[in-house]
Amino acid sequence: VSAADLLTAALAREIAAADLSVFAVTSPATAAAALAARELGAPDLARAGGFTALDASPEPALTRGEAALFSAGEAPRDWVMDTFVLLGRGRVGVAVTPAQLDAAGRTNLSGIGPPGAPKVALPGARGLPDNNHSPSRVWYLLPAHSERQLVERVDVVCGAAPPPGATRRLLTPAGCFELADAGWRALWLTPAGRDLVAAAPGLGVALTGAEEVVAEPDPEALEAVERADPHGVRRVEFASGKEAAAMWREIAEMETGAAR
Amino acid sequence: MSAPSKVVSLEEAAARVRDGDVVALQTMATFTSPMALVRELIRQRRKDITLVCLVGGIAVDWLAASGSISRYVGAAVTMERFGMCQQYRRGVESGRIAVEELSETALLARLAAAARGLPFMTTRGLIGTDLIDLQPDNLKLIDDPFGGPPVLACRALAPDVALVHVHAADEQGNCRVEPTALWPDLRLFPKAARRLIVTCERIADPDELRAEPDRTLIPGFAVDAVVPVPYGAHPTSLFPLYGYDADFHLEWVKAAREPDEFLDRYVRGPATQEEYLAAVGREVPA
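Chains as they are written, first to last, in our numbering: chain X, 1 to 260; chain B, 261 to 546.
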């Protein structure tokens, strides 16, 4: 089973169980997970784009991005308030992919190297500071469990450590982890999880040996994800370079054709 | 008696942006940006611009490749699924482009303060990050005078000029956006900037706008110049009229490391929007 399917299905379950009012969509995989979550026990969950409509009908093609939330149809809760207003209210969830995440739950999307003098410039903080600062639930969805991304301390703190009591979870091909007072701990592992955790020690995850091992996605969740994302746009996020570009083009053409 | 027309040519509009200006540019990654105006700025070899964007995209990369920007104030620069903006990245890594990196909410706070004539507005998201110490002139942690936890004062930012693209405007500059403004920059820029230049897909009859005044997003009195440019946001999207041009973004991604040929063909070369559309193989939408 692919990491894209396993982790999108897992995120869908997480969202469904989190007692959220709104889920802020940041990418196709997170949009698919939120749509699937509605089938998995959160039928009233609203989805929000960054600054745009809450929900829309008909459902957008996932490759068209946030603008498609308006589509040609209705947007029953149009431009009520932006994501950051909603985040402050606490019953909102968001899943993001920072370039670096550290042992204290800090994130970096600014640059690799010293603050203000990056050896490698990255896109920029965008909404990470407000996500991190909020009491709302934040998931980190990473396509690889890599020591490059999972570090003891991020190079540039552009998202601070979360406030006390805020839930932060990490989904990677190694499994699912939660930030607790004593650092990150594993909630469950994939079959490769133990080796991946050992190869990326920066987060300081201490395994007990008693962690549940999950080899396959929950079938009900995976079916819901498939219905939400029949063309597999979620898989683009787990690919890179030319493979991702080719995959994106192919899926966009399928979705455009299906929308006609 | 009707008010004088604010319609000008693309060349004249771009000439109103001066070297050294602080320019607020509408852009949200692959979403609407006044691209025809950006190309004309590059054709006119504008220099030393401080660019203010919520989330810059291909427009920022072209301006960086052309040596037009010396400073960037914003929350990010990315083409999202098409990847990083390589020319911008090169400019930052070399030190040629200085960056004042903010969160989206901190940038909006700075603009909102300018819009209301206040010295600053406050936010909290950046507290605990490294970004505050990098901008001591514009961000300061202050006590809450009402006894709560500290807040971050974000200094007012009033751009010299803002550049936006809309669906329709009349000759006096009243602007309609369909179905509504997707992003907050389009609502704040006209209030925060000292001057506003609008490009639009079409010039509308004033009676058409007056018939549905609630759909007018920007009032004409806030607008300094209007330029009709069909397909003026290409290759970014102007929902619902057209989506972003994925193939064109990918072509830029391939060309971006050695961009001169691409820029000559699509940016510096075409003298008019018609020539540009012919170069990219697009027709003016009906």
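One or more hints might be untrue.
[Unchecked claim] Residues of chain X clear of chain B, computed beta-carbon distances all greater than 12 Å:
| no. | residue |
| --- | --- |
| 1 | Asn-131 |
| 2 | Glu-211 |
| 3 | Glu-226 |
| 4 | Arg-249 |
[What the hints assert, rightly or not] Now the stretches of chain B that chain X is said to cover, found in silico as 3 or more residues with beta-carbon under 8 Å:
| no. | segment |
| --- | --- |
| 5 | 329 to 336 |
| 6 | 386 to 399 |
| 7 | 449 to 459 |
| 8 | 480 to 489 |
FYI, nobody ran anything at the bench for these hints, they're computed from the structure.
Fair warning: this is a prediction, and the values are worked out from it, not measured in the lab.
For every residue, glycine included, the Cβ atom is placed at its ideal position computed from N, Cα and C.
Here is what the structure says about each hint:
With a minimum CB-CB distance of about 8 Å to chain B, Asn-131(X) fails to clear the 12 Å threshold, and the non-interface call is violated. At roughly 31 Å, the least C-beta separation between Glu-211(X) and chain B is larger than 12 Å, which holds for a residue marked as non-interface. Taking the minimum C-beta to C-beta distance to chain B, about 21 Å, the non-interface status of Glu-226(X) holds against the 12 Å cut. Distance check on Arg-249(X): its Cβ comes as close as 7 Å (rounded) to a Cβ of chain B, failing to clear the 12 Å threshold; non-interface status is violated.
Restraint check on the segment 329 to 336 of chain B versus chain X: 3 residues with Cβ-Cβ distances below 8 Å, three needed, restraint holds. Here's how the segment 386 to 399 of chain B fares: 8 of its residues keep a CB closer than 8 Å to some CB of chain X, so the rule of at least three is met and the hint holds. Three residues within the 8 Å Cβ limit are the bar, and the segment 449 to 459 of chain B against chain X gives 0, so the coverage statement is violated. Evaluation of the coverage hint for the segment 480 to 489 of chain B: breached, as 0 residues show C-beta separations to chain X shorter than 8 Å, against a requirement of three.
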